[in-house]
Every structure is written in structure tokens, then in C-alpha cells.
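Asker: For the sequence shown, position 109 matches number 109 in the working numbering, and the numbering has no gaps at all.
Read the hints as simulated data drawn from the structure, not as lab findings. Every value quoted in this text rests on a predicted model; they were computed, and no experiment measured them. Among the hints, a few may not be true.
What the hints assert, rightly or not - Using 30 Å as the maximum straight-line C-alpha spacing, the simulated BS3-like pairs for lysine-lysine come out as follows:
| # | residue 1 | residue 2 |
| --- | --- | --- |
| 1 | Lys3 | Lys150 |
| 2 | Lys205 | Lys8 |
| 3 | Lys206 | Lys174 |
| 4 | Lys174 | Lys205 |
| 5 | Lys227 | Lys48 |
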Amino acid sequence: MKKKLYKKELYRLQVELVKFQKYVIEENVAVCIVLEGRDTAGKDGTIKRFIEHLSPREARTVALGIPSDKEKNSWYFQRYVPHLPSGGEIVFFNRSWYNRAGVEKVMGFCTKKQYEAFMEEVGSFEEMLTHSNIRFFKYYLDISQKEQKKRLEARKTDPLKQWKLSPIDAKAQKMWNAYSKTRDEMFNKTSFVYAPWYVVHTDDKKEARINIIKHFLSLNDYPDKDKALLAYDHDVICKFDPVCYEKGMIAP
Numbered sequence: 001m002k003k004k005l006y007k008k009e010l011y012r013l014q015v016e017l018v019k020f021q022k023y024v025i026e027e028n029v030a031v032c033i034v035l036e037g038r039d040t041a042g043k044d045g046t047i048k049r050f051i052e053h054l055s056p057r058e059a060r061t062v063a064l065g066i067p068s069d070k071e072k073n074s075w076y077f078q079r080y081v082p083h084l085p086s087g088g089e090i091v092f093f094n095r096s097w098y099n100r101a102g103v104e105k106v107m108g109f110c111t112k113k114q115y116e117a118f119m120e121e122v123g124s125f126e127e128m129l130t131h132s133n134i135r136f137f138k139y140y141l142d143i144s145q146k147e148q149k150k151r152l153e154a155r156k157t158d159p160l161k162q163w164k165l166s167p168i169d170a171k172a173q174k175m176w177n178a179y180s181k182t183r184d185e186m187f188n189k190t191s192f193v194y195a196p197w198y199v200v201h202t203d204d205k206k207e208a209r210i211n212i213i214k215h216f217l218s219l220n221d222y223p224d225k226d227k228a229l230l231a232y233d234h235d236v237i238c239k240f241d242p243v244c245y246e247k248g249m250i251a252p
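Work out the full structure, taking the sequences as your base and the hints as a guide.
Answerer: See below:
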């Protein structure tokens with residue numbers, strides 16, 4: 001996407017996001033957005049464009065670090081519950097409880113029993129969220145292996161991105177197939193009717209950001225909504241289903 005068009009589109013969409021937040025605050029709505037994905041797929045940048053013009057008192061990002069010993073010995077979902085939104089709030093999870101279905105499984109940070117317990121319980125947990133009137137959305141940002149390699153190399157030389165480097169990043173390419181297999185299992189077992197996965201292809205960051213914001217706003221009602229603006233590209237983002245997967249929506 002050309003820079004000039006991107007900036008024009010983004011500005012108009014951020015105006016819509018401000019309208020949406022005003023509605024959220026006035027109507028006491030709770031909104032929870034989970035962003036998962038491959039390393040370098042663009043989670044940080046996507047969240048930044050979502051929230052940069054929203055009120056920081058009612059819009060926040062949750063990016064939890066390594067669990068403490070106490071958290072490791074607690075119910076797995078317990079550390080996430082205090083960060084869920086209350087009425088009038090929009091909360092973004094930059095990675096979430098799905099760490100267990102992704103990096104923890106691939107890197108051996110959890111046991112097989114812990115992984116299986118998570119896969120059995122996550123549906124009930126998310127059903128409780130939706131029954132509690134939390135508007136709940138799950139996005140998975142995917143990227144091709146070639147583009148990921150390019151972005152990982154860029155991190156090594158960009159002084160503004162040094163904080164993004166981690167030992168896990170170094171294994172992203174070597175463990176590509178393992179991550180793919182784990183991702184596919186996660187989609188098949190945790191894309192629920194009440195909490196489906198939406199998959200975003202992010203080789204073009206600008207195009208991905210524009211489409212995920214359009215898609216999110218299209219799923220929500222709020223006053224003075226500019227519906228004509230919110231038509232998104234189905235080749236960039238779609239709800240996970242076997243047909244979508246077979247068409248190659250998700251990078252192999």
C-alpha cells in the first residue's frame with residue numbers, strides 16, 4: 001500500500017475508532033481484543049495504530065512477562081483475569097493465554113498435560129467472557145517465512161528495535177514447521193462459534209493494519225458509523241475455517 005493512501009485511510013479509520021470509543025464509554029461496554037501471531041508479524045504496530053488517538057484512561061494494552069513462581073502454581077488463566085476490561089474499557093492483549101497453545105508448546109515451556117488441560121478449558125473460559133457481555137475478538141497475525149526472515153535481520157541493525165530481540169526470535173525460523181503445526185492445531189480446536197479466530201496476512205504491514213481496523217469496526221455497531229469506509233479485503237483477513245485455510249489464506 002502506498003504511503004499517501006495509507007495515511008489518508010488510517011486517519012479516517014482512527015476517526016471511526018474515536019467514535020467507537022465514545023460509544024463504549026457512554027454505553028459502559030467492555031471490549032477485549034486478543035492479538036496473537038508469528039514473531040515480527042506486526043502486533044505492536046497494529047495495536048499502536050488502534051490506540052494512538054484513543055483516551056488512555058479507557059484504552060490500554062496488556063503484555064505480560066514471564067510468570068512468577070506464584071503464578072506458575074495458580075490456575076493458568078488467573079493471571080489474565082485482573083487485566084480483563086470493565087465497562088467503558090477497551091483492552092488489547094499483546095499475546096495472551098494462547099502463549100500456552102503456541103510458544104510454550106513449541107519451546108517446551110509447558111508439559112503435555114498442561115497443554116492438554118489448556119486446550120480443554122480455554123473454550124469454557126472464553127464462553128464465560130462472552131456470557132459476561134464482554135465483546136471479545138481474536139486476531140492471529142500471520143506472515144510468510146521469507147518476510148519474517150527479512151524483518152528479523154532488520155531488527156539486528158535497527159537501534160530502535162533492539163528491545164524486540166530475544167532468544168526465542170533466534171529460533172523462529174529454525175522452528176518454523178513446528179510453529180505452523182501448533183498454529184494449525186490451535187485454530188482447529190479453539191476457533192469457536194462464540195469466539196472465532198480471524199487470520200490476518202501481514203507481509204504488507206500497512207495493508208494489514210488498515211484491514212484489521214476496518215474488520216474490527218465492521219463487526220461493531222456505534223452511532224454515526226461510516227459503513228462505506230469499512231469494506232475490507234477478504235484476501236488479507238478472514239474468519240478461520242477449513243475452506244479459507246485450504247485456499248492458502250494462511251502462510252504455509
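Asker: Each of the hints needs a verdict: does it hold here or not?
Answerer: Against the structure, the hints:
For the hint pairing Lys3 with Lys150, the CA-to-CA distance comes to about 20 Å; that is within 30 Å, so the pair holds. For the proposed pair Lys205 and Lys8, the alpha carbon gap of about 15 Å is at most 30 Å, so the pair holds. Proximity of Lys206 to Lys174 is assessed by CA-CA distance (about 27 Å); at most 30 Å being required, the pair is judged to hold. A threshold of 30 Å between alpha carbons decides the hint, and for Lys174 with Lys205 the separation of about 23 Å falls inside it, so the pair holds.
With a CA separation close to 23 Å, the supplied pair Lys227 and Lys48 stays within the 30 Å bound.
Against the hints set out earlier in the document, no violation occurs for any number.
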